[in-house]
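A.B. asks: Chains as they are written, first to last, in our numbering: chain W, 4 to 268; chain X, 159 to 420.
A couple of the hints might just be wrong.
[Unchecked claim] Among the chain W residues that face chain X by a calculated CB cut under 8 angstroms, a handful are:
1) I29
2) L32
3) N33
4) L55
5) P202
6) V205
7) F208
Quick caveat, the hints were computed from the structure, so don't treat them as lab data. We treat Cβ as the ideally placed atom computed from N, Cα and C, and that holds for glycine.
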Amino acid sequence: MKLRYLWQMTSMNVMSTLEYRGAFFIFMLNTVITPVISLLVWLAVSEQGVPLPYNRSQFVTYYLLLSVLSMLTGTWLATFLAEDIRRGGLSPWLLRPAPFIVHYIGNNIGEKVVKLPLLLPLVGLAALAFRRDLHLPSDPRAWALFALSAPLAAAIAFLIDVIIGSLAFWLQDVEGLVRVKVLVGSFLAGRFVPLALFPPAVMPFLEAQPFRYTLSFPLELLTGQLSAQATVRGLLWQIGYCVGLWLCYRLLWHFGLKAYQAPGS
Amino acid sequence: MRHYLRLWWRSAMLSLMRQAEYRVSFLLRVLEGGAQLALALLTFALIYRFTGEIGGWSLAQVTVLVGVYRIADGLIGTLLSPNLWAIAGYIRTGEMDGYLLRPVSSQFLVSLRLVNWAEAVNALIGLALIVYAGPAAGVQWSPVAIAEAAILGLCGIVLLYALWFFTVTFSFWLVQIDNLDTLFTSFFEAARYPVSFFKGGVRALLTFAIPVAFATTFPAQALLGTLDPRYLVAGVALAAVALLSTHLFWSYAVRHYSSASS
Numbered sequence: 004m005k006l007r008y009l010w011q012m013t014s015m016n017v018m019s020t021l022e023y024r025g026a027f028f029i030f031m032l033n034t035v036i037t038p039v040i041s042l043l044v045w046l047a048v049s050e051q052g053v054p055l056p057y058n059r060s061q062f063v064t065y066y067l068l069l070s071v072l073s074m075l076t077g078t079w080l081a082t083f084l085a086e087d088i089r090r091g092g093l094s095p096w097l098l099r100p101a102p103f104i105v106h107y108i109g110n111n112i113g114e115k116v117v118k119l120p121l122l123l124p125l126v127g128l129a130a131l132a133f134r135r136d137l138h139l140p141s142d143p144r145a146w147a148l149f150a151l152s153a154p155l156a157a158a159i160a161f162l163i164d165v166i167i168g169s170l171a172f173w174l175q176d177v178e179g180l181v182r183v184k185v186l187v188g189s190f191l192a193g194r195f196v197p198l199a200l201f202p203p204a205v206m207p208f209l210e211a212q213p214f215r216y217t218l219s220f221p222l223e224l225l226t227g228q229l230s231a232q233a234t235v236r237g238l239l240w241q242i243g244y245c246v247g248l249w250l251c252y253r254l255l256w257h258f259g260l261k262a263y264q265a266p267g268s
Numbered sequence: 159m160r161h162y163l164r165l166w167w168r169s170a171m172l173s174l175m176r177q178a179e180y181r182v183s184f185l186l187r188v189l190e191g192g193a194q195l196a197l198a199l200l201t202f203a204l205i206y207r208f209t210g211e212i213g214g215w216s217l218a219q220v221t222v223l224v225g226v227y228r229i230a231d232g233l234i235g236t237l238l239s240p241n242l243w244a245i246a247g248y249i250r251t252g253e254m255d256g257y258l259l260r261p262v263s264s265q266f267l268v269s270l271r272l273v274n275w276a277e278a279v280n281a282l283i284g285l286a287l288i289v290y291a292g293p294a295a296g297v298q299w300s301p302v303a304i305a306e307a308a309i310l311g312l313c314g315i316v317l318l319y320a321l322w323f324f325t326v327t328f329s330f331w332l333v334q335i336d337n338l339d340t341l342f343t344s345f346f347e348a349a350r351y352p353v354s355f356f357k358g359g360v361r362a363l364l365t366f367a368i369p370v371a372f373a374t375t376f377p378a379q380a381l382l383g384t385l386d387p388r389y390l391v392a393g394v395a396l397a398a399v400a401l402l403s404t405h406l407f408w409s410y411a412v413r414h415y416s417s418a419s420s
């Protein structure tokens with residue numbers, strides 16, 4: 004039943020996103036440019052001839068796949084959700100047969116359906132530019148694990164945003180929180196510096212914090228740095244965060260809807 | 159010229175009065191600026207864990223560059239972004255009529271009228287960082303070096319303005335240029351690093367085509383005493399040509415403006 008709603012919300016969002024394909028093309032260009040800049044910097048470091056935890060082709064794999072994965076796990080709903088709560092856009096949904104969140108899941112998937120075909124040619128061009136160092140992992144097991152881990156990463160990122168947006172039940176303005184999350188979250192997700200290149204002393208912290216599981220962990224599966232044990236541990240962390248954050252969301256909404264006072268007629 | 163300065167000062171004060179109402183968002187912006195600085199320094203600390211020098215830059219020297227970046231980012235955010243983000247909207251809604259009617263240059267009005275004072279804090283943070291990191295990086299603080307850095311920084315900001323403004327001017331024909339301008343934010347990311355980190359084509363691109371190097375790398379080099387003086391000449395010449403081109407293009411575009419209002 005709910006799946007049908009999700010399907011409808013998704014296809015509706017695909018259509019409305021297609022209207023803005025020009026804007027989304029630029030978004031996708033940005034999605035590729037930033038990782039490529041980081042990649043060029045790390046290639047310059049490796050040029051110094053110093054031993055690094057990653058070799059050139061691992062850097063290329065990491066950052067090219069990062070551009071795809073960061074799109075696939077991207078979220079943008081916190082601000083919109085907060086706005087809907089604050090201004091009463093939530094009200095009509097309370098009468099509908101599907102939970103409000105389905106609307107946002109549909110929007111998330113719908114936009115990504117349009118973004119993917121815009122993004123892939125650009126990543127292809129980047130891959131062409133770095134073809135000398137491009138050696139994608141050939142182990143099908145690594146890709147299977149990646150395919151398992153990536154949706155979990157998207158779910159964790161999505162739930163973190165839902166929780167931040169839901170704080171609007173009690174807070175006037177969550178925009179500051181959203182910006183802090185983007186700033187600190189991208190850093191801790193390994194967007195600029197791969198987490199494998201952090202000092203060993205901070206590894207236990209990096210492994211425990213949620214942002215690793217929104218981006219870095221699936222990529223680590225493909226750059227082939229993880230032992231079997233670390234892989235299983237990481238997947239368990241991902242599942243744990245999914246369940247924990249989902250419970251947290253349910254709890255927030257349970258109390259939030261009681262605190263909710265909609266303006267308007 | 160004095161007339162324009164006075165006009166700018168008036169509108170800057172108006173902006174300040176408006177923003178003084180929102181003290182919390184000002185404070186948040188300051189905190190965010192601090193966090194951005196901390197993360198930039200952390201990123202370089204992580205990169206320089208592996209080597210003492212990249213492309214001829216030591217960690218201390220790159221710290222000076224981080225300071226210059228904060229200043230450039232702060233100045234652009236204070237003076238330019240609030241205006242340039244809004245121009246496409248003026249054209250779409252017909253608000254442009256009001257700017258064309260006034261007895262001063264419309265390019266001046268739409269480019270500099272609004273001032274976002276909270277962003278200026280970033281520039282101050284950057285300045286403090288340069289003063290702090292300067293001695294370790296070998297900054298000499300000679301008046302000539304400071305003047306060179308200031309001129310190059312100004313040229314860099316003018317060049318970025320020209321490129322951005324040029325893009326925005328296309329709104330007269332395209333109405334929706336969508337978020338073409340977000341591309342600038344993306345490319346400006348590259349200004350966080352010295353151009354000498356990059357090679358061949360990319361370096362040339364960042365020096366001349368999307369000239370972020372003039373906004374950060376070259377001013378930092380002027381302070382560090384490692385600047386190739388030819389870039390000073392090139393910067394001034396390029397900035398002058400770029401500014402003149404935006405003026406010509408804007409005047410041409412305004413003639414194609416058909417108002418959206420009644």
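A.B. asks: Against which earlier hints does the structure fall short, listed by number upward?
C.D. replies: 6, 7
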